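K.L.:
Chains as they are written, first to last, in my numbering: chain R, 1 to 150; chain G, 151 to 450.
No lab work stands behind these hints: they were computed from the structure. Note that the structure is a prediction, hence the values are computed from the model and not measured. Among these hints, one or two may not hold up.
[To be verified] Below, simulated EDC-like cross-link-like pairs (lysine to aspartate or glutamate); rule was C-alpha separation at most 20 angstroms, straight line:
#1 G:K347 x G:D325
#2 G:K230 x R:E67
#3 R:K140 x G:D161
#4 R:K140 x G:D325
#5 G:K235 x R:E68
#6 R:K128 x R:E83
#7 R:K140 x G:D348
#8 R:K106 x R:E67
#9 R:K128 x G:E263
#10 G:K229 x R:E117
[To be verified] Derived DEER-like restraints, expressed as beta-carbon distance ranges:
#11 G:P339 x R:H116: 22 to 30 angstroms
#12 R:N61 x G:E263: 37 to 45 angstroms
#13 G:E360 x R:H116: 55 to 63 angstroms
#14 G:K309 x R:S34: 13 to 21 angstroms
#15 G:N387 x R:K93: 52 to 60 angstroms
#16 R:H116 x G:N387: 43 to 51 angstroms
#17 R:E100 x G:D323: 19 to 27 angstroms
#18 R:K49 x G:E232: 52 to 60 angstroms
#19 R:E25 x G:P339: 29 to 37 angstroms
#20 R:L33 x G:D298: 55 to 63 angstroms
#21 G:E232 x R:E25: 35 to 43 angstroms
#22 G:N364 x R:S98: 48 to 56 angstroms
Backbone N, C-alpha and C fix where the C-beta goes; we use that ideal spot for every residue, glycine too.
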Amino acid sequence: MKKELQVSAIKNGTVIDHITQGQVERVLYILNLSDYKDQIYFGANLDSKKYGKKGIIKVSNKFFAPEEISKIALVSPTATLIEIRDYEVTVKKQVEISDEIRGLVKCVNPNCITNHEAVPTHFEVVNKDEIVLRCRYCEKNTGKTNIEFV
Amino acid sequence: MKGKSLISINDYSKSEILQILDLAEGFEKQPRQPILSDKVVSTLFFEPSTRTRLSFESAANQLGARVIGFSDAGTSSAKKGESLKDTILTVACYSDVIVMRHPLAGSARWASEVSPVPIINAGDGANQHPTQCLLDMYSIRKTQGKLDKLNVAFVGDLKYGRTVHSLVIAMCDFDATFHLISPAELKLPSYVKQHIKDKNLEYHQYLSIEEAINKVDILYMTRVQRERFADPIEYENVKNAYILTKDQLKNCKDNLKVLHPLPRVNEISEDVDDMPQAYYFQQAQNGVYVRQALLATILQ
Numbered sequence: 001m002k003k004e005l006q007v008s009a010i011k012n013g014t015v016i017d018h019i020t021q022g023q024v025e026r027v028l029y030i031l032n033l034s035d036y037k038d039q040i041y042f043g044a045n046l047d048s049k050k051y052g053k054k055g056i057i058k059v060s061n062k063f064f065a066p067e068e069i070s071k072i073a074l075v076s077p078t079a080t081l082i083e084i085r086d087y088e089v090t091v092k093k094q095v096e097i098s099d100e101i102r103g104l105v106k107c108v109n110p111n112c113i114t115n116h117e118a119v120p121t122h123f124e125v126v127n128k129d130e131i132v133l134r135c136r137y138c139e140k141n142t143g144k145t146n147i148e149f150v
Numbered sequence: 151m152k153g154k155s156l157i158s159i160n161d162y163s164k165s166e167i168l169q170i171l172d173l174a175e176g177f178e179k180q181p182r183q184p185i186l187s188d189k190v191v192s193t194l195f196f197e198p199s200t201r202t203r204l205s206f207e208s209a210a211n212q213l214g215a216r217v218i219g220f221s222d223a224g225t226s227s228a229k230k231g232e233s234l235k236d237t238i239l240t241v242a243c244y245s246d247v248i249v250m251r252h253p254l255a256g257s258a259r260w261a262s263e264v265s266p267v268p269i270i271n272a273g274d275g276a277n278q279h280p281t282q283c284l285l286d287m288y289s290i291r292k293t294q295g296k297l298d299k300l301n302v303a304f305v306g307d308l309k310y311g312r313t314v315h316s317l318v319i320a321m322c323d324f325d326a327t328f329h330l331i332s333p334a335e336l337k338l339p340s341y342v343k344q345h346i347k348d349k350n351l352e353y354h355q356y357l358s359i360e361e362a363i364n365k366v367d368i369l370y371m372t373r374v375q376r377e378r379f380a381d382p383i384e385y386e387n388v389k390n391a392y393i394l395t396k397d398q399l400k401n402c403k404d405n406l407k408v409l410h411p412l413p414r415v416n417e418i419s420e421d422v423d424d425m426p427q428a429y430y431f432q433q434a435q436n437g438v439y440v441r442q443a444l445l446a447t448i449l450q
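Here chain G stands alone, though its shape is the one from the complex (with noise of 0.2 angstroms):
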């Protein structure tokens, strides 16, 4: 793997996929190991993020490696017309990797088509998001001691939540048991459910999370927003079914934990933060981890 571009969670098997939650789980108990100190990440965020830009440079602080690079295209060429291809040419001879986030769908396969270093999608446009379902992948395991054989809610916006789809799609390669919990505006698309059908896999669809709470492992949060809405009346009728709160709690499993990819706004009620159950915080602090060892089995 390397040297090998991350652009979509498809672009690893399920073996590759496992070697990284391996090695990460070396991260989470040794954290500090400078094996990159003779190399240069750079971050290219062309639009804002906080969690994903902070862990990447985390990450590769943790590994010694040097962090170049900007956190908005407004101080970058790209504000002047520079075209990606030749951002990402100029910025390859600076760098032994280059992680990127991007409005654009598809703007990181075209990068990892004309860079001569790796490129890591960090997100591009309503494409793809790989390191946080590999992340989610990584929280699951953890929480649960296994991959295989879960059942897995995702609650809340199924239609546009590109973190949903990647990690559907991915679970469906260890026989997971999908529980859908969405308004029916907001449904997964039919080719995510049609993935899971050719994988004669289960899923089960609901339009409230006390209909599926005490029959999960997983509940994966999602935010459901206003202006997905037509009718901004339907929204006020349904927001409510789709927000956690701590006495939805009472009947779950006992292995149950929420996750949720974050931001949070309102999805979560903030009583929800103090209870067992609660994993979101520590499911960002594995980010870190998880990109340790993608760096790591990069560059190494």
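Bound conformation, chain R alone (with noise of 0.2 angstroms):
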């Protein structure tokens, strides 16, 4: 049987294939392609053999920053990151979340130091698969279902 791609193919740029099902949206605003002037091509609830359900964004003449990269990792651990230069994928690696993420994500509790005064967010990542980070200044968890970008 013919092999169709579910979305079409870039030249150069990036592809964020097996986003969590869901969190595409999430994936777009968190990286600010809204704003985006080139082609971006995204698919939700795309066929996949290992998730069942899977997200697709592909950006043109776009390549992502590490801390864009963790963003990612934040939203949907599961995410491939694909680059691609002239039609050939020059790098492809699963989205990984670093062991501390720094001025990214806002403290879940209002009464941290960080929601009051200029000081950048600092948290441990204390669980990778659920996705648990613990602020350096109140020692209290952000979980996933509360995750909210600065």
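Since each chain sits alone in its own frame, please combine them into the complex, following the hints.
P.N.:
Right under this line is the structure:
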């Protein structure tokens, strides 16, 4: 049977594949892609052998910085990042959460100093599977259901 | 440990904690030791405190240090909108160590990151109060002759009480068995219970003091506050189970001591004060020796 691409190929840019079902819009939002002027293709609820259903985003002429990749990992730890140059895959890797997250995520504790003064947030990732971030300052945990980006 | 800030009890190792407690014993025997007469201690209290501020100031005075600071944020530049960072950087110009209490959690850690002089956390919101933990441990060791393998009961609000969380975690290093006495609404948070389990130690949960009092060496009382309950009727139903009375001490172990971080409201009836088990005012006194030891360790 002929294998068809579910979303068009790109010449140069990044493919974010295997996005957790329901998280495509959130990934677009956290990467500020609503203002991006070049081509973006995206698909949701696509068939996936590995995960059943998945999302995918293809961004032409855009390569992401490590802190942007960390953001993707926080909302979709299953995502794969593929960099394409002249239709060739040059990098393919699973997104990964770093041991520490700095300046990306708000602390869930309304009484934390980081929510009142100009203090960059700083979390230790205490559980990478469940995504649990422990605030270096107030010592409270922020979980994946209440992650809000700075 | 010279120059080392104390923000959370976890910042100090077991051996460092024991070193402070040993030094505090020396200050209890001889409180007036003017070994810091060339030092200035700042006490920045952005929210009110009686015991902690006065005992730090008493400790600094006993050591011959000068004390500057404020006891009300309304009299500081914070009221004008100055950031905590700017306040700390300014006060650090005038002093060798900063003792601070602040209503926001994490404020002390932030202060320690920007300050060129060490910070001692005297309470940051609902987060940490490590010198209370040190004086609690000193009081436990002094009354029991040891810290290892004790049966320690915590009574009352175990959910929100920061002193309870810190002391439970610290006592895990000394193989304590924990007896947790609280209403269902105010149980110890699961992350603290998980810490006990991770150390392969035991905890038992009860709904009243009577169920546990004859098993324990230390009874650590805290206040159950009406505002913690969504349903006021529920508070009325349970409040008396967490008030310690003289009669309840009839069947206790001979070595039992009752501790309380104070202030007390009604959770220990006043007739307990004259019982040999009552130790909460001596506990407050011990706070001076422990804070002397801490200031001496950090500044000498």
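K.L.:
Now, for every hint given, state plainly whether the structure supports it.
P.N.:
The hints, checked one at a time:
For the given pair, K347 (chain G) sits about 11 angstroms from D325 (chain G) by alpha-carbon distance, which is consistent with the 20 angstroms threshold. Restraint check for K230 (chain G) and E67 (chain R): the C-alpha separation of about 36 angstroms exceeds 20 angstroms, so the hint is violated. Simply put, K140 (chain R) and D161 (chain G) have alpha-carbon atoms about 16 angstroms apart, close enough for the 20 angstroms limit, and the pair holds. In summary, the hint linking K140 (chain R) to D325 (chain G) is not supported, as the alpha carbons are separated by about 25 angstroms, beyond the 20 angstroms threshold.
For the hint pairing K235 (chain G) with E68 (chain R), the CA-to-CA distance comes to about 29 angstroms; that exceeds 20 angstroms, so the pair is violated. Note on K128 (chain R) and E83 (chain R): the hinted pairing is violated, with a Cα-Cα distance of about 24 angstroms set against a maximum of 20 angstroms. Taking the CA atoms of K140 (chain R) and D348 (chain G), the gap is near 19 angstroms; set against the 20 angstroms cutoff, the hint holds. Distance hint between K106 (chain R) and E67 (chain R) is fulfilled; the C-alpha atoms sit about 15 angstroms from each other, no more than 20 angstroms.
Distance restraint check for K128 (chain R) and E263 (chain G): the Cα-Cα separation of roughly 26 angstroms exceeds the 20 angstroms cut-off, and the hinted pair is therefore not satisfied. This hinted pair checks out: K229 (chain G) and E117 (chain R) have alpha carbons roughly 14 angstroms apart, not beyond 20 angstroms. Roughly 23 angstroms separates the CB atoms of P339 (chain G) and H116 (chain R), a value that falls within the hinted 22 to 30 angstroms. At roughly 39 angstroms, the beta-carbon separation of N61 (chain R) and E263 (chain G) lies within the given 37 to 45 angstroms, and the hint holds.
Range check, E360 (chain G) to H116 (chain R): about 44 angstroms between beta-carbon atoms, so the 55 to 63 angstroms window is missed. The hinted window of 13 to 21 angstroms between K309 (chain G) and S34 (chain R) is violated, with their beta carbons roughly 42 angstroms apart. Between N387 (chain G) and K93 (chain R) the beta carbon distance is about 58 angstroms. The supplied range of 52 to 60 angstroms therefore holds. H116 (chain R) and N387 (chain G) have their C-beta atoms about 37 angstroms apart, which leaves the hinted 43 to 51 angstroms range violated.
Distance hint for E100 (chain R) and D323 (chain G): a CB-CB separation of about 26 angstroms, consistent with the stated range 19 to 27 angstroms. A hinted range of 52 to 60 angstroms holds for the C-beta pair K49 (chain R) and E232 (chain G), which are about 59 angstroms apart. Separation of E25 (chain R) from P339 (chain G) is about 34 angstroms and conforms to the stated range, judged on CB atoms against 29 to 37 angstroms. Distance hint check: the CB atoms of L33 (chain R) and D298 (chain G) are about 58 angstroms apart, consistent with the given range 55 to 63 angstroms.
Our hint of 35 to 43 angstroms for E232 (chain G) and E25 (chain R) holds, since their Cβ atoms are close to 41 angstroms apart. At roughly 51 angstroms, the beta-carbon separation of N364 (chain G) and S98 (chain R) lies within the given 48 to 56 angstroms, and the hint holds.
Consistency with the previously given hints fails for numbers 2, 4, 5, 6, 9, 13, 14 and 16, ordered from lowest to highest.
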